[in-house]
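Heads up: the sequence lines are chains S and U, in that order.
Residue numbers for the first sequence follow the numbering used here, so the first one is 1290 and each next one is one higher.
Residue numbers for the second sequence follow the numbering used here, so the first one is 6 and each next one is one higher.
Watch out, some of these pointers could steer you wrong.
To be verified - Simulated pairs of lysine to aspartate or glutamate, EDC-like, Cα-Cα distance not exceeding 20 angstroms:
| no. | chain 1 | residue 1 | chain 2 | residue 2 |
| --- | --- | --- | --- | --- |
| 1 | U | K469 | S | E1390 |
| 2 | S | K1441 | S | E1353 |
| 3 | U | K469 | S | D1382 |
| 4 | U | K276 | U | E391 |
| 5 | U | K469 | S | D1420 |
| 6 | U | K469 | U | D449 |
| 7 | U | K469 | S | D1399 |
| 8 | S | K1441 | S | E1390 |
| 9 | U | K469 | S | D1394 |
| 10 | S | K1441 | S | E1319 |
| 11 | S | K1441 | S | D1357 |
| 12 | S | K1441 | S | D1351 |
| 13 | S | K1441 | S | E1490 |
To be verified - Going by beta-carbon spacing under 10 angstroms, a handful of chain S positions derived as facing chain U:
| no. | residue |
| --- | --- |
| 14 | G1340 |
| 15 | L1341 |
| 16 | G1364 |
| 17 | V1365 |
| 18 | G1366 |
| 19 | F1369 |
| 20 | N1371 |
| 21 | H1372 |
| 22 | A1373 |
| 23 | L1378 |
| 24 | R1389 |
| 25 | P1438 |
| 26 | P1440 |
I should point out that these hints are in silico values taken from the structure, not numbers from a laboratory.
Virtual Cβ for every residue (Gly too), placed ideally from N, Cα, C.
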Amino acid sequence: MTTLTIQDLSVMIAGNLILHNVDLRVNSAETAAVLGPSGSGKSTLLRAIAGLIPADGSVQLDGEPIHDRPPHLRGVGMMFQNHALFPHLNVADNIAFGLRELGWDRVRSDRRVDELLEMAELSGFGTRSVDALSGGEAQRVALMRALAPQPKLIMLDEPLGSLDRRLRDELADELRRLLALTGTTALYVTHDQSEAAVVAERLVILDHGRIAADGQPEQLWSHPPTPELASFLGHRNVSPDYMVPADAVRAIPAEKGTAVVRSSRFVDGHWHLTIVMVRAAGEYGLTEFRSVGSSDIPAGSRVTLRFDTRRIHRF
Amino acid sequence: MAGVVPGVNTGSVPSSFTRTIGPVATSRLAVAVLIFMTITVGYPVFAMVRRFADLGSPGGVSRWSAIDAGLIGFTIGQAVASTALTLAIGLPLAHVLARYRFAGQGVVEAATLVPFILPTVVVAVAVQRLLSPLGVEVDGINGSLIAILVAHVVFNVSVVVRIVGGYWRQLDIRPNEAAALLGAAPWTVFRRVTFPRIAPAILAAAAVVFFFTFTSFGVIVILGGLTRATLETEIYRYAILRNDFGSAAVLAVIQAVAVAGLALVNQRLQKRLTAASSSSQAILGARPIGSLAERVHATVVVSGTLLFLLAPLLSLAVRSFVVDGQPGFGNYTALLDRPAILVISPARAVLNSILFAALAALLAALIGTTAALAAQAHGRLAHLTEIAVLVPLGISAVTLGFGYLVGFTFGDLRSSPILLITAHAVIGIPFVVAAVLPALRNFDGGVLDAAALLGAPPRRVLTKVALPILRPALVAGAGFAAAVSLGEFGASGFLARSRSSLTAPQAVFGLLGQPAPAFQGQAAALCVVLGLLVIALVLLIDRGRGSLGRSWL
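From just these sequences and the hints, can you work out the full model?
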C-alpha cells in the first residue's frame, strides 16, 4: 500500500509552462481521477510522474523520492491511451514482460499470468495475437500488463478514450472492480466526468496546468468552488454569484401544469429556459415540446419558476 | 492560453526513441554517421575534385579535350530518345492497369518489374541475345544504338507503369464524369480532363527515366561498342583503359554536377506528385473490362508489352542452354572452371558477389538504421544526418567508383575488396533509410515508454521491443541493398579488379570481351544465375509485404 506525494511539480515544454507548481497527495489504495479539458496538462502530469518527460519538483512514493530515477526504476505502472501493447508478442508475453524484467523464471511468471488472465476473465487468451483482440479485451490486457509486476502506483491515461459510449460505461465498472480487487493506488486521467465518477472516489480537476479543485465527486458537483468549474462540470445555470442545478428548477405555465426544464441559463438578468415537457394540472398525460416557445407555452406567456432553494449554490 | 511564459525555450519533447537512447548518445550516433559519410562519400568526391583542380597547373589544359560536343550530345540525345520511347511503350500499359480491373493484374504488374530489378548487365546481355539473331549487329566494336534504346526501354517501362499507373488509378473519376455530362466526347475528356491531371505523373516518370538513362553505364558499355560513349562510360574508359585520371576527373566533375542537379529536380517532382495525390474520399474509376473492343485493346497492350519486356530474358535463358549449336548444360558446368581471360572462375565470382552483397547489406543496414534513429531527434544535427545518408542518390555509381580509385591510394587498399564492399554499402544505404525511416515515423513510441515503465532499462527496450518491431523494415532495406550490390556494375568497374574482388557482373563483362561463342554462352549462363539470385532475393524480401518490389519505386 503506497501513498503518492507530489510537491511543486512543474513542466516546461518548448517555453510553455504546461504544469504549474502542482501539489497532490493520493492516499494508499485510493483511486483519484484527474479531470480537465484537453490541453489542461493531465497527460503531462502522468508522464512527469513516470519520468518520461523532464520535470522540476518532487515526486515521492511512501516518502521515498523517485524523481531522480529513470522511468524503469521508478516502480510506477502505466496504462496508455492506445494501450501500447507490444505487437510482436502474444497476450501472455505482453503481460509477462514486466515479470521477466523482474527476473522471474518462466514457470513462476506463467502462473502469475494465468492468475491475471483469470482475474480479467480472459482465461485461454494467452497465446492469442494482440492484433486479434477487441477494444475491450485489449484494454483489459493492457491493464493486466501494467498490474502484473505489482507497481506501487498505477496510472491510467484515458484508458477508455478510444471506445464507444456503451463499452465505456461497461468497462469503467470493470476497471473499478479490478482496481479495487488489487488494492493498488491509482491515478486515472480522463476528460469524461461520468467515467471519472464511476471509477474514482476522488476528483482532481486540472485547468491550465494548475489544480483547480480537489474533492469527492458528489461534493464537487453540488458545490463547485468557482463559476468556471461549475460550467466545466456541465452546469448551465451559472452566474458569477450562484449556480442552480438544472433539476432544481421547475417552470409553471400560467394557471395550471408544470413544465420540466432541461436547461436554463441566467443571462443579462433574464432566465432562458429549454422546456422538454409540460404536465397539465389534474391530468396524467405528458406533452412533449421539442423546443422553446412551443404552442402550449407560447412565447411571451407568463410562467412561474419554482426553485429548490436548498440546492442553489453560492460561490 | 494561460500559463505561457514567453521568450523561454527549453526545447521540445524528445521522441520516445531519443529519450530511450538518451540525447547525448543520439548526438553521438549522428556524428558517427556523419563521419562515415564524410570518409566514404565526401572524401572521394573531394579527391576527384582535387584531381580536377590540378588541371590549373601547366600541362593540365589538354585534358579539357576529353569533352566534346559529340560526347555531350550523345549522352543527352540517347537519354531523351530512351525516355520518349519508354513513355510511348509504358503509357498504354499504365492506362490499361489504371482504368480496368481484370484477373491476373497483379501478375502483369509484377512481370513488368522483373527487368527493372535485374542487374543492368543481365538486361543488356539479354537484349543483345535477342537482337543478334534478328539481324541487329551488336558486336564489341560497332555497338548498336537500337540495342541501347531497346535495353533502356525494357529496363525502365516499369518506372512509367508504376508512377503514372499508380497515380492515375487513385484519381477521382468524378471530374471525368462531369465533363462527359457537359457534352465532352471520350477523346475530349481525355485531352481536356484526364491528361492535364496525369501530366505531373508523366513528367515525374520521365524525369526518373531520364535520370536512369543519363547515368546508364552497363547497358552502354556492353551494347555501345567502342564507338558510342556517354559521360559515364568515358569516365571509365579514360580512367581504366587509358589510365588518364586527369581527363576522367574533368568528365567526372561535370557528370557529378549534372547528376546532382537532376537528382534535385527529380526529388522536387516526386514531392509535388505526392502532395497532389488525391484524398481517400476519391471515387476510383477502375472497372471491369466491358465491351469486346476494350477486351481487344487491353489484351493487345498487355500481351504486347509483356512480350517486349520478357522476350529478351527468354532468349537469354534459351541461349544459355545452347553449346556449339546443340542443347546442353555445358555453359553452366563451364562456369566452374577459370577461363584464361578471367582471374578466377565465374562460379568464384558469384560466391564473391554473394559475400560482398551480404557484407555491404550489413554495413548499409548498420549505418542506415543508425542514421534513421539519429534523425528522430530534433534539431540541425538530426536533419543533417538524414540528408547525408541520402546524398548517394545524387551521385552516379561510376563517379563514386572513380572517386574511390583516386582517393584511396594509400596502402594496399585497392587490391582488397574493402573499397568495393564500402562503395556497395554506400549505394545501398538510401534503400535501408527508405525502408526504416517510414517504419520509425509510424512507430508507436508508446510501446517504448510502456516497456520502460515495466522495468526494462534502455538497452533492453531497444533489443526486446524496438528491434523486433522494426525487423521487417530492416530486413527489407538490407535485402534491397544486397540485391543492388549483387547487380552493381558502375562502381565495381573501378574496384573489382583483383582475384579477391572480381564480382559476377564483372565476370560477365570479361566473358563478353571475347567473341568466341563458348564465352558468349557462358556469359549468358552466368547472367541467368545472377538474375535468378536477384529475383529469389527480392521474392524472399517481399514475401508478406504485398506486391512485388513495392519499395523500389
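We went through each hint and held it up to the structure:
Between K469 (chain U) and E1390 (chain S) the alpha-carbon distance is near 11 angstroms, which keeps this suggested pair within the 20 angstroms criterion. Between the alpha carbons of K1441 (chain S) and E1353 (chain S) the distance comes to roughly 12 angstroms, so the proposed pair stays at or under 20 angstroms and holds. Between K469 (chain U) and D1382 (chain S) the alpha-carbon distance is near 12 angstroms, which keeps this suggested pair within the 20 angstroms criterion. Taking the CA atoms of K276 (chain U) and E391 (chain U), the gap is near 16 angstroms; set against the 20 angstroms cutoff, the hint holds.
Restraint check for K469 (chain U) and D1420 (chain S): the C-alpha separation of about 18 angstroms stays at or below 20 angstroms, so the hint holds. At roughly 15 angstroms between alpha-carbon atoms, K469 (chain U) and D449 (chain U) fall within 20 angstroms of each other, so this suggested pair holds. Annotation: proposed proximity of K469 (chain U) to D1399 (chain S) holds, straight-line Cα distance about 19 angstroms (limit 20 angstroms). For the given pair, K1441 (chain S) sits about 16 angstroms from E1390 (chain S) by alpha-carbon distance, which is consistent with the 20 angstroms threshold.
At roughly 17 angstroms between alpha-carbon atoms, K469 (chain U) and D1394 (chain S) fall within 20 angstroms of each other, so this suggested pair holds. The hinted pair formed by K1441 (chain S) and E1319 (chain S) meets the criterion: a straight-line CA distance of about 12 angstroms does not exceed 20 angstroms. Of the supplied pair hints, the one linking K1441 (chain S) and D1357 (chain S) holds, its CA atoms being roughly 17 angstroms apart against a limit of 20 angstroms. Restraint check: the Cα-Cα separation between K1441 (chain S) and D1351 (chain S) comes to about 9 angstroms, which is no more than 20 angstroms; the hinted pair holds.
Simply put, K1441 (chain S) and E1490 (chain S) have alpha-carbon atoms about 19 angstroms apart, close enough for the 20 angstroms limit, and the pair holds. Given hint, G1340 (chain S) at the interface with chain U, holds; its Cβ is 8 angstroms from that chain's nearest Cβ, closer than 10 angstroms. Annotation: L1341 (chain S) was flagged as interfacial toward chain U, and the flag holds, the nearest CB pair being 5 angstroms apart, inside 10 angstroms. About 8 angstroms separates the beta-carbon of G1364 (chain S) from the nearest beta-carbon of chain U, less than 10 angstroms, and the hint is met.
Given hint, V1365 (chain S) at the interface with chain U, holds; its Cβ is 6 angstroms from that chain's nearest Cβ, closer than 10 angstroms. The criterion of a C-beta within 10 angstroms of any C-beta in chain U is met by G1366 (chain S), whose closest approach is roughly 6 angstroms, and the hint holds. The beta carbon of F1369 (chain S) is positioned within 10 angstroms of a beta carbon in chain U (closest approach about 5 angstroms), and the interface hint is therefore held. With its C-beta approaching chain U no nearer than about 6 angstroms, N1371 (chain S) sits inside the 10 angstroms limit, and its interface hint holds.
About 8 angstroms separates the beta-carbon of H1372 (chain S) from the nearest beta-carbon of chain U, less than 10 angstroms, and the hint is met. For A1373 (chain S), the interface hint holds, the least distance from its beta-carbon to any beta-carbon of chain U being 3 angstroms, beneath 10 angstroms. Checking L1378 (chain S) against chain U: minimum C-beta separation of about 8 angstroms stays under 10 angstroms; hint holds. Given the 10 angstroms rule on beta carbons, the hint for R1389 (chain S) holds: about 9 angstroms separates it from the nearest Cβ of chain U.
Nearest Cβ of chain U to the Cβ of P1438 (chain S): about 6 angstroms, under the 10 angstroms cut. The hint holds. Because the closest C-beta pair between P1440 (chain S) and chain U is about 8 angstroms apart, less than 10 angstroms, the hint holds.
Hint violations for this structure: none, all hints satisfied.
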